[in-house]
Amino acid sequence: MRIREPKTTALIFASGKMVCTGAKSEDASKLASRKYARIIQKLGFSVRFLDFKVQNIVASTDVGFPVRLEGLAHAHSKYSSYEPELFPGLIYRLIKPKIVLLIFVSGKIVLTGGKRREDIYQAFELVYSVLKLFRKTTVPISATSAQSSRK
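Quick note: the sequence shown uses our numbering, first residue 1, plus one each step.
Bear in mind the hints are in silico, worked out from the structure with no lab data behind them.
Virtual Cβ for every residue (Gly too), placed ideally from N, Cα, C.
Heads up, a few of these hints could be off.
[What the hints assert, rightly or not] Cβ pair distances, simulated, as ranges:
#1 L50 - L133: 40 to 50 angstroms
#2 F45 - K78: 41 to 51 angstroms
#3 G16 - T112: 20 to 30 angstroms
#4 K132 - I95: 12 to 22 angstroms
#5 L43 - R117: 30 to 40 angstroms
#6 E70 - V110: 12 to 22 angstroms
#7 V47 - E118: 44 to 54 angstroms
#8 L86 - T61: 19 to 29 angstroms
#9 R48 - E83: 38 to 48 angstroms
#10 T112 - L50: 22 to 32 angstroms
#11 K42 - R93: 37 to 47 angstroms
[As the list claims (entries may be wrong)] Below 30 angstroms or equal to it, Euclidean Cα-Cα: the simulated DSSO-like pairs (lysine-lysine) are:
#12 K115 - K30
#13 K132 - K96
#14 K30 - K42
Produce the entire structure from the sequences given, and follow the hints as far as they go.
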(Lines of atoms letter the chains of each structure in order from A and count residues from 1; the text may use other names and numbers.)
(Lines give C-alpha, C1' and ligand atoms only; values in the text may rest on other atoms or scores of the structure.)
Protein backbone atom coordinates (compact mmCIF):
# COMPACT_ATOMS: atom_id res chain seq x y z
CA MET A 1 0.00 0.00 0.00
CA ARG A 2 1.25 3.53 -0.75
CA ILE A 3 0.37 7.03 0.35
CA ARG A 4 1.51 10.34 -1.13
CA GLU A 5 2.08 12.37 2.04
CA PRO A 6 4.44 11.49 3.56
CA LYS A 7 5.56 9.58 0.45
CA THR A 8 5.91 6.04 1.80
CA THR A 9 5.16 2.41 1.07
CA ALA A 10 3.86 -0.10 3.61
CA LEU A 11 4.01 -3.87 3.64
CA ILE A 12 1.13 -5.21 5.70
CA PHE A 13 1.26 -8.81 6.87
CA ALA A 14 -1.48 -11.24 7.89
CA SER A 15 0.06 -11.33 11.38
CA GLY A 16 -0.96 -7.69 11.75
CA LYS A 17 2.59 -6.38 11.58
CA MET A 18 3.50 -3.60 9.18
CA VAL A 19 6.77 -2.33 7.69
CA CYS A 20 6.83 1.28 6.50
CA THR A 21 9.60 2.40 4.12
CA GLY A 22 10.59 5.55 2.30
CA ALA A 23 10.01 8.20 4.96
CA LYS A 24 12.53 11.03 5.20
CA SER A 25 12.50 11.15 9.01
CA GLU A 26 11.50 9.15 12.06
CA ASP A 27 8.51 11.45 12.67
CA ALA A 28 7.34 11.11 9.06
CA SER A 29 7.57 7.33 9.38
CA LYS A 30 5.43 7.34 12.51
CA LEU A 31 2.85 9.66 10.91
CA ALA A 32 2.68 7.44 7.80
CA SER A 33 2.30 4.31 9.93
CA ARG A 34 -0.62 5.92 11.78
CA LYS A 35 -2.22 6.84 8.44
CA TYR A 36 -1.90 3.25 7.20
CA ALA A 37 -3.46 1.99 10.45
CA ARG A 38 -6.36 4.42 9.98
CA ILE A 39 -6.91 3.27 6.37
CA ILE A 40 -7.00 -0.37 7.49
CA GLN A 41 -9.39 0.57 10.30
CA LYS A 42 -11.72 2.25 7.79
CA LEU A 43 -11.77 -1.00 5.82
CA GLY A 44 -13.41 -2.66 8.82
CA PHE A 45 -10.47 -4.32 10.55
CA SER A 46 -9.81 -4.00 14.27
CA VAL A 47 -6.63 -1.93 14.56
CA ARG A 48 -4.37 -0.93 17.45
CA PHE A 49 -1.22 1.12 16.89
CA LEU A 50 1.38 -0.57 19.13
CA ASP A 51 5.14 -1.01 19.43
CA PHE A 52 6.29 1.48 16.78
CA LYS A 53 10.06 1.31 16.38
CA VAL A 54 12.65 2.33 13.83
CA GLN A 55 14.52 -0.74 12.60
CA ASN A 56 16.82 0.71 9.95
CA ILE A 57 17.95 4.17 8.93
CA VAL A 58 19.51 4.73 5.51
CA ALA A 59 21.41 7.94 4.74
CA SER A 60 23.48 9.22 1.85
CA THR A 61 26.09 11.94 1.54
CA ASP A 62 28.96 13.20 -0.59
CA VAL A 63 32.37 13.90 0.96
CA GLY A 64 33.22 16.28 -1.90
CA PHE A 65 36.38 14.56 -3.12
CA PRO A 66 37.23 11.32 -4.97
CA VAL A 67 38.45 8.37 -2.90
CA ARG A 68 41.19 5.79 -3.63
CA LEU A 69 39.15 2.67 -2.95
CA GLU A 70 41.98 0.19 -3.67
CA GLY A 71 44.21 1.80 -1.05
CA LEU A 72 41.38 1.96 1.48
CA ALA A 73 40.48 -1.71 0.88
CA HIS A 74 44.11 -2.77 1.34
CA ALA A 75 44.75 -0.69 4.48
CA HIS A 76 41.41 -1.57 6.11
CA SER A 77 40.95 -5.14 4.84
CA LYS A 78 39.49 -6.22 8.21
CA TYR A 79 36.50 -3.91 7.74
CA SER A 80 36.18 -3.62 3.98
CA SER A 81 35.32 -5.61 0.90
CA TYR A 82 36.04 -4.29 -2.59
CA GLU A 83 35.33 -6.29 -5.73
CA PRO A 84 35.08 -3.74 -8.57
CA GLU A 85 34.21 -6.47 -11.10
CA LEU A 86 31.07 -7.28 -9.10
CA PHE A 87 30.07 -3.94 -7.55
CA PRO A 88 31.60 -0.46 -8.03
CA GLY A 89 31.51 0.47 -4.34
CA LEU A 90 33.62 -0.54 -1.38
CA ILE A 91 31.62 -2.14 1.43
CA TYR A 92 32.89 -0.91 4.80
CA ARG A 93 31.48 -2.60 7.92
CA LEU A 94 31.89 -0.70 11.17
CA ILE A 95 31.62 -2.68 14.39
CA LYS A 96 30.58 0.10 16.77
CA PRO A 97 28.25 1.59 15.78
CA LYS A 98 27.12 -1.40 13.70
CA ILE A 99 26.75 0.47 10.40
CA VAL A 100 27.52 -0.63 6.84
CA LEU A 101 28.78 1.99 4.39
CA LEU A 102 28.93 1.80 0.62
CA ILE A 103 31.77 4.08 -0.47
CA PHE A 104 32.18 5.03 -4.13
CA VAL A 105 35.18 6.47 -6.02
CA SER A 106 33.19 9.68 -6.60
CA GLY A 107 33.09 10.33 -2.84
CA LYS A 108 29.43 9.49 -2.52
CA ILE A 109 28.51 7.33 0.48
CA VAL A 110 25.43 5.36 1.54
CA LEU A 111 25.16 4.49 5.26
CA THR A 112 22.72 1.84 6.42
CA GLY A 113 21.89 -0.25 9.46
CA GLY A 114 21.42 2.48 12.04
CA LYS A 115 18.71 2.23 14.66
CA ARG A 116 19.26 5.83 15.78
CA ARG A 117 20.19 8.98 13.90
CA GLU A 118 23.17 9.42 16.25
CA ASP A 119 24.60 6.07 15.06
CA ILE A 120 24.64 7.36 11.49
CA TYR A 121 26.33 10.63 12.50
CA GLN A 122 28.91 8.82 14.61
CA ALA A 123 29.70 6.36 11.79
CA PHE A 124 30.20 9.21 9.32
CA GLU A 125 32.52 11.08 11.69
CA LEU A 126 34.64 7.94 12.14
CA VAL A 127 34.86 7.15 8.44
CA TYR A 128 35.38 10.72 7.23
CA SER A 129 38.72 11.01 9.04
CA VAL A 130 39.82 7.76 7.35
CA LEU A 131 38.58 8.86 3.91
CA LYS A 132 40.64 12.06 4.08
CA LEU A 133 43.75 9.84 4.20
CA PHE A 134 42.67 8.16 0.94
CA ARG A 135 41.72 11.29 -0.94
CA LYS A 136 42.51 10.89 -4.64
CA THR A 137 44.80 13.63 -5.87
CA THR A 138 44.65 14.73 -9.48
CA VAL A 139 47.90 15.55 -11.22
CA PRO A 140 47.58 18.89 -13.03
CA ILE A 141 48.46 18.80 -16.70
CA SER A 142 51.13 21.36 -17.39
CA ALA A 143 50.80 23.59 -20.46
CA THR A 144 53.91 22.06 -22.09
CA SER A 145 52.74 18.45 -21.80
CA ALA A 146 49.29 19.42 -23.09
CA GLN A 147 50.85 21.06 -26.16
CA SER A 148 53.22 18.18 -26.86
CA SER A 149 50.33 15.69 -26.79
CA ARG A 150 48.55 17.65 -29.53
CA LYS A 151 51.43 17.25 -32.03
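Hint-by-hint comparison with the structure:
no., hint, in the structure
1, L50 - L133: 40 to 50 angstroms, "holds (47 angstroms)"
2, F45 - K78: 41 to 51 angstroms, "holds (49 angstroms)"
3, G16 - T112: 20 to 30 angstroms, "holds (27 angstroms)"
4, K132 - I95: 12 to 22 angstroms, "holds (21 angstroms)"
5, L43 - R117: 30 to 40 angstroms, "holds (33 angstroms)"
6, E70 - V110: 12 to 22 angstroms, "holds (19 angstroms)"
7, V47 - E118: 44 to 54 angstroms, "violated (32 angstroms)"
8, L86 - T61: 19 to 29 angstroms, "holds (24 angstroms)"
9, R48 - E83: 38 to 48 angstroms, "holds (46 angstroms)"
10, T112 - L50: 22 to 32 angstroms, "holds (26 angstroms)"
11, K42 - R93: 37 to 47 angstroms, "holds (43 angstroms)"
12, K115 - K30, "holds (14 angstroms)"
13, K132 - K96, "holds (20 angstroms)"
14, K30 - K42, "holds (19 angstroms)"
Hint violations for this structure: number 7 only, all remaining hints satisfied.
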